[in-house]
Amino acid sequence: MKEVLMPIAYPTKGSVGNTGLWRTLKPVINYEKCTKCFICWMYCPEAAILAEDKPVILYDFCKGCGICANECPVKAINMIKEV
Amino acid sequence: MKEVLMPIAYPTKGSVGNTGLWRTLKPVINYEKCTKCFICWMYCPEAAILAEDKPVILYDFCKGCGICANECPVKAINMIKEV
Amino acid sequence: MPVMPLSGNHAAAYAAKLSRVEVVAAYPITPQTQIVEKLAEFIEKGELKAKFIRVESEHSAMAACIGAAAVGARAFTATSSQGLLYMSEMLWWAAGARLPIVMGIVTRALAPPWSIWSDHIDVLSQRDTGWIIAFAENAQEVLDLIIQGFKISENDRVLLPLIVAWDAFDVSHTIEPVDVPNQNVVDEFLPKRRKYRHTLDVENPFSYGNLAYPKDYMEFRYSIYDSMLRAKDVIEQCAAEYDRLTGRYSGGLIENYLCDDADIVAIAMGSISGDLKVVVDKLRKQGVKVGFCRIRYFRPFPSEALAKCIEDAKTILVFDRDISFGSEGALCLEVRATVNREGLDKRVYGIIYGIGGREVRQKDLENIIVKAYKEELNHPRKLLWLNLKHV
Amino acid sequence: MPVMPLSGNHAAAYAAKLSRVEVVAAYPITPQTQIVEKLAEFIEKGELKAKFIRVESEHSAMAACIGAAAVGARAFTATSSQGLLYMSEMLWWAAGARLPIVMGIVTRALAPPWSIWSDHIDVLSQRDTGWIIAFAENAQEVLDLIIQGFKISENDRVLLPLIVAWDAFDVSHTIEPVDVPNQNVVDEFLPKRRKYRHTLDVENPFSYGNLAYPKDYMEFRYSIYDSMLRAKDVIEQCAAEYDRLTGRYSGGLIENYLCDDADIVAIAMGSISGDLKVVVDKLRKQGVKVGFCRIRYFRPFPSEALAKCIEDAKTILVFDRDISFGSEGALCLEVRATVNREGLDKRVYGIIYGIGGREVRQKDLENIIVKAYKEELNHPRKLLWLNLKHV
Amino acid sequence: MGLVEIRWHGRGGQGVVTSAEMLVSAAIYEGKYAIAIPFFGAERRGAPVVAYNRISDTPIRTRCPILNPDYVVLLDERLGRMIDVVRGLKSDGVLVVNSKSVPEWVDRKDIRIATVDATSISMSLGLELAGIVIVNMPMLGALIKVSNIVSLNSLTKAIKAKWKGERMKQNLEAVTRAYNETVIW
Amino acid sequence: MGLVEIRWHGRGGQGVVTSAEMLVSAAIYEGKYAIAIPFFGAERRGAPVVAYNRISDTPIRTRCPILNPDYVVLLDERLGRMIDVVRGLKSDGVLVVNSKSVPEWVDRKDIRIATVDATSISMSLGLELAGIVIVNMPMLGALIKVSNIVSLNSLTKAIKAKWKGERMKQNLEAVTRAYNETVIW
Amino acid sequence: MGIVNILGKKEILMPGNPSCPGCGLALGLRYALKALGENTILIVPACCTSIVLGPYPKSSVGVPVFNIAFAAAASTAAGMSEALDLMGRDDINVVVWAGDGGTVDIGIQALSGAAERNNNIIYICYDNEAYMNTGIQRSGSTPRHAWTTTTVLGKKEPKKFLPLIVASHNVPYVATASIAYPQDFIQKLKKASSIKGFKYIHLHTPCPPGWRFPSDKTVEVARLAVLTGVWILFEIENGRLRLTGPSRNLVDKRKRLPIEKYISIQGRFKHISKEELEKIKEDVDKLWHTLIQYSSKENIEKQ
Amino acid sequence: MGIVNILGKKEILMPGNPSCPGCGLALGLRYALKALGENTILIVPACCTSIVLGPYPKSSVGVPVFNIAFAAAASTAAGMSEALDLMGRDDINVVVWAGDGGTVDIGIQALSGAAERNNNIIYICYDNEAYMNTGIQRSGSTPRHAWTTTTVLGKKEPKKFLPLIVASHNVPYVATASIAYPQDFIQKLKKASSIKGFKYIHLHTPCPPGWRFPSDKTVEVARLAVLTGVWILFEIENGRLRLTGPSRNLVDKRKRLPIEKYISIQGRFKHISKEELEKIKEDVDKLWHTLIQYSSKENIEKQ
Ligand SMILES: Cc1ncc(C[n+]2csc(CCOP(=O)(O)OP(=O)(O)O)c2C)c(N)n1
Ligand SMILES: Cc1ncc(C[n+]2csc(CCOP(=O)(O)OP(=O)(O)O)c2C)c(N)n1
Ligand code: SF4
Ligand code: SF4
Ligand code: SF4
Ligand code: SF4
Ligand code: SF4
Ligand code: SF4
Ligand SMILES: [Mg+2]
Ligand SMILES: [Mg+2]
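Chains as they are written, first to last, in our numbering: chain A, 1 to 83; chain B, 1 to 83; chain C, 1 to 391; chain D, 1 to 391; chain E, 1 to 185; chain F, 1 to 185; chain G, 1 to 303; chain H, 1 to 303.
Between beta-carbon pairs, the in silico distance windows are:
id, chain 1, residue 1, chain 2, residue 2, range
1, F, Lys164, B, Thr35, 48 to 58 Å
2, D, Lys389, H, Glu38, 25 to 35 Å
3, C, Glu44, G, Ser264, 19 to 29 Å
4, F, Pro59, C, Asp261, 51 to 61 Å
5, H, Lys255, C, Glu44, 48 to 58 Å
6, E, Pro59, C, Asp261, 20 to 30 Å
7, E, Val102, C, Asn387, 28 to 38 Å
8, D, Asn387, C, Asp281, 47 to 57 Å
9, H, Arg248, F, Lys164, 43 to 53 Å
10, H, Glu38, F, Ser124, 45 to 55 Å
11, D, Asp187, G, Arg248, 55 to 65 Å
12, C, Lys215, D, Asp187, 38 to 48 Å
13, D, His390, F, Lys109, 31 to 41 Å
14, C, Lys314, F, Pro59, 49 to 59 Å
Hints in this document: simulated from the structure, not taken from any laboratory. Virtual Cβ for every residue (Gly too), placed ideally from N, Cα, C.
In isolation and in its complexed conformation, chain A is listed as follows:
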């Protein structure tokens, strides 16, 4: 060991891997209904929704908590069973 080893951890998306795997239910946005209010984006604890022109879910990381669906004022998000 030449150098002193230090417990340094660098910022990484997916620090624990693809947490999409944890999901039991999967949020699916019905863009027909969606008003682009971005409340789903605001309340996603995982930062797994991108605020583009419309909200886009990062399925690699979304854990399927369902908050977005629960908070969407127009119920534009459905939680469907993951297969």
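Start from chain A and add chains B, C, D, E, F, G and H with the ligands according to the hints.
Frame of chain A; chains B, C, D, E, F, G and H with the ligands shown alone:
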């Protein structure tokens, strides 16, 4: 060592010896003036005044702080130089 | 005596319950939590008449146990790792005040970086404190050693607090069949706590622990040292009596596993012992004269028993799940010191293994023993770190 | 370089000032107080550009030093006894986080009962933590070792925190002539602290100390162990460089006082060393071939240097101002282990002295050495408690 | 019976550790020796978790991790797509998986496969907590069906000792249904 | 000069430790070696305290307590009535005491006695704090008068280095007056 | 995209971290980092966040983080902020991010000390009302009658309410916040960041596994806490209290939603009796009472 | 002999103990033991009292005393009181006697925990406003601008006022007291002893060497603190504040003696400037303000 040795200290007057020795000034009650209000007794931090018919100072322990003299409402206590 | 499937942690809770502890004061920490959760449940559900104090830290946990023990109650707590370090000052207090308290320690590595896996350094770092320290191999022993622990600790020639330690996860969370003695058996073994000369009492006031000048202080420390030495007998007696009552010998200073005619003796503590015994059995079958000496009590350190156990061996392998930085493993230091003190002549090798839960396989153990047998190990000066990456 | 009449504690404050410490966080405790009072005064009066954090406990004192060091400041603190125990968790943190911090420890006995007098157990009980530990013999060495301490601790092959310890009252309050180097000399010896790879920085964000799984944790511990070994060279180099700049060799792992041809070697640390040297001189005059080996650094333990020093001696007397209950003195354990590890053959006697300030006279030291010389001491198994009453 | 070694794979919340524990409990009723070793990794709900069992007629001293299990039980079929769940599984060992059919990702020819639709069984019995279906009981049923390491009877006793009332009934039902519905391919 | 050993007796607040320190400071000016060892016992103001000095031409290594001092300096004469202040004082050693005359309790014939009325000197100079007269400076003056271990000149330097202004003047005055007024019996 | 602009797009807490699905603290941390920006150093004592930060060698956040011992967060931050000040870096937010246990129990000594010294740090306590990282044990901050694994019949004592305890330390800024009201929280953080001295923000962060509710209800639960008046939003600047957000309109008790709405959605209160429910309501009333009293400082000036 | 009867003749603190001449804490301890009587166990953390208790093997007091580590007084007492309760000995007063440093700084974690659990103890903090046993270092309880050896230019921060911090823990009883008013103190102790749960009394005990005044002025200084309004006598029972003793008449600021009287008698304030004096006065006004606000709870009920 037969028994377990424990740091037990028993109640003793003069736990640190005769603190009268520490005195620089010595309180002397002028019983002529004294009204027996026992304020000196009340305020002695050393419990070195006895509340008999009249206040009696325990010179073995009185450290000569002078509170009694300072608090005596009729100035019946004089602090005199210890020899 | 029903056999129950218990984790090491639940075995500890049952042991405390059977010992009729009166005050439990504890603070949660992984991997200790199940112990106190179970005890809290016992108490809240009325299955154990005791007080559970939900303290705000480990320093306070030990302080509360000390307060309870000072007025004569049987007190129990448990912790791990950071929690043990945080209460360290109070460990010294409990021992200095000569209060019998029993504590479970689920051994865990120290931060930083965070780790919740096993490592013996937490408990070994407290080896100077005046606490008796036992290491359990499995859940059964966790239970047995805690019950015996109260009896040893409360012996009035001992009067020292006592730790029973066991490995995180390997024992704490591993579920095994545990033979749980009946309450009446334990009651016979372990009577109600008595009042001692130093139990606080308003009828006989004294002040405990006042400033001691240089002319007085040293003898108190000698007395702890002295009681530690005496505890060796008491430990053996308690194991024997427990055996008599439960039919299970599960105690005593060391375990001698095929050492008597061994050329090589491995020495270790805690959960790795089972694997070592399996390896010893295997190598014995291959004709390798190897034995295993398990240190069950690290404090008092069983020098005499150990010396006898390794008397005829040439080579000693000491497995430490800890490291005293700037020196070597704590167990290895004691073994070397014993060898020197007793005037023995042995080659002693220090091996560091399992730090922070680093995996060890039976194959690894076997390899080292075989290497030592073939005299292929480096000079003992070089500490061997088992399964270390990229060094 | 003016000679000043300084107590050990004031020498420490001057050393910290000359080292241009940037953050001092400390909590008062007898017999350490004068150090921080003096530093507070230096800072308030503008003689030292630094922050003084008047923390609410020792745990917080070390935490504040850690916080300061983590962003790259030179931090100093000091404590004793209970204070050291109370900060113990944070000692482990500082070392695990590889932060160079220097701490003065005025050694003091542990309660209960209360005692404010010297005893080495407080600092020795922290010997596993990953801190480098030096013992000063007198006020001059307090100053010299603290200044060298920063350089050693900040060396990027070391990066470990460092303790300089000295005896309560015997050194802390004893006033002696101390040669105080000029600021420019110290500045040359000890440059400004640098930024390390692990210095926190918003420009280069990382998270420090996150959970490490069993596959990763062990190497961090090995790295500390490894750096401790490397520190041995660094310690010697720093002593040599300090000598070059100040004309005073006042450092290095051990002090060899007439050991080379000695039959008997006494080993000790701290303030008793002066008296031991006087006794050695006296006995030498009487033809007794005795030497004295002073352990200046207890961590890393100087096994090789010690082994060389005692190579030719037959008998070793180890003077411990501490006791690890259930075993023996911490220094004696290390010495025995060294003897075994190096394959030497020596009779080693453990002597416990001065616990809680118990008086020791030169006559007492002389008696024991003479007894050992005449081979009149008991079996080494029996620990000798010097000047113990009624046992 | 010699030593039997089992590895469980699942996700936090599915009840992996409880299964392993129930197996020990059942073994005790048969006078066998058994241990359950949960690997604990500070995992949160939903994250992959693993646990081990050793069962034997003679006392068990070995505690080190199981590298070559006789059985692998997979509580969540999806995990098999990301993790090499059959790693180390003995030749001729059995993979017991919560699935309606043999998952397409199984690429070893030397092992046997058993399947059971544990999710449907548990859901139909209401064994669900905060959105996660607790499939441990049916998987236990499936395991003992294919392995016979303990009898259904002993497992029943173990379940009765641990739970009361409705929950006990649900669990028993889950075990028995799975025991009967398990398909060995 | 060989090794000279001194023991100081006084009460908390009278300045015993400072005297011992000033002696070291003065010794440094003369290129001598010296140490001052205050015995610290958590004492409060007014309680008996003790301190030691060793002074020598050669480096001082000895730190253990002084048992047979060459000089005993007693800052409060009353202490002599309760404590055996001359214990261990060498034959022909000197007891320097704050008193107008030889105290009646001195019962050793083999020692010499020096007296100085330090209390009056300090009081007249206003050296008093919270009811306790600080008599350390005059006692230092008396000690060097009888012992010559350091010169008045060196002590003066030491005092000037430690204090400024009024306090420095008072201390110097106290030392010099005592130096001149000390009586050796 | 109003909200998006207010909160900012930059995600400093990154997806794929080890928080539970629906974790309230993760949401809070996401907001906090949005508000504080990249010139921030986080000090994190032992708590769920220690895990959420990611396993070595990966970190879930894009600012420097220093993991520290459970009891040591505030004092470590104090040392850091003093050192940075000495180095002239007073542009950096030194921020403690700690759980309720690490704040109101084991961490209170360090916190109280830093508050008394008025050290220049922002201390954020995220309150999930129990020791969650170790598996749901009672903390001082657990509300009365809530189930935890160490209070299986419900906690007997009321919640230790730290915001007022810290306010008694005379610090320049104290506030409460809720993850259901991110704008309110962010405003408070920005204000805190502009004040020199000790700032304390106590953030309510429901926890699905710990409080026994489905993971999609986290925000709903947090919102109900505010709308029923159980959790009150306010800030105290230099001793002056001001209600904020929806709480401003809830002084009149009749405007609050019934407390049952908040209680019944959570499994941890499943077991409670009528009397216990009343006691909970009493606690809430008492807290409102105290706060109103606090806010009416001016009224009393006359005395 | 009215006073003698009220206070009682029995001296449980014995003469000839190692306190300094004129020690305020000794006087306070004498009163406390008179009021509490012999059915009392004292828990004493590191402080001047540790010395005053006498050197081994002698004790200065006639009740059982347990010396304990600095940070551990309240938690030790909690363990003791729970154990005694289990043993059916609820007739014993379990009393912490601790200094200000041991209370407001290093001891606050244990104190806050015991308060939150409402452990059945009486906690008495004697306040000499610095770490005296170690030689006069600043504590959290040191008042603003007071000199200590670690604040040689005077302390910058205001006094951490613990009575209100403890009161924020919702404990059944909190009071302040002064050694100049023993009857008031004793009444409070007796009341505390009759209440089950956590009781806190904060006693003002001037210290001659630490505050730099002659030893005969201890009581006078304590009295001036009250009469100038610097130290306020009150009690809070179940959240209700009541001024007591002379403080009842000092709500009107004009009735208070000038603060200078209190300041100028002490050496520790010798150095202060006019502005600093004003700041001290402000702190006093602020505290009065807060207390008045507290006591007027009823007035606000209407809101
Ligand atoms: C000294 C010490 N004691 C105990 C622990 C164990 N521990 C780690 S996190 C934690 C719970 C933290 O609770 P809280 O602060 O409320 O944060 P949460 O986990 O709820 O997010 C505990 C008890 C520890 N790390 N250190
Ligand atoms: C952990 C720890 N830190 C420091 C000390 C040293 N110490 C003993 S008493 C004391 C001061 C106590 O101050 P306070 O509580 O105000 O009581 P006082 O001495 O003023 O009566 C200190 C700092 C200690 N004994 N333990
Ligand atoms: S909350 Fe609903 S409506 Fe609003 S952006 Fe998201 S999906 Fe669209
Ligand atoms: S389900 Fe949860 S994690 Fe997934 S996008 Fe919606 S809020 Fe985010
Ligand atoms: S205070 Fe004065 S008047 Fe009163 S009893 Fe004492 S001496 Fe007499
Ligand atoms: S002088 Fe002080 S100690 Fe002596 S009697 Fe008067 S008050 Fe008591
Ligand atoms: S236990 Fe609760 S607070 Fe912790 S990570 Fe999970 S949801 Fe978040
Ligand atoms: S220093 Fe002060 S509080 Fe301590 S004993 Fe002396 S007078 Fe009393
Ligand atoms: Mg929490
Ligand atoms: Mg104080």
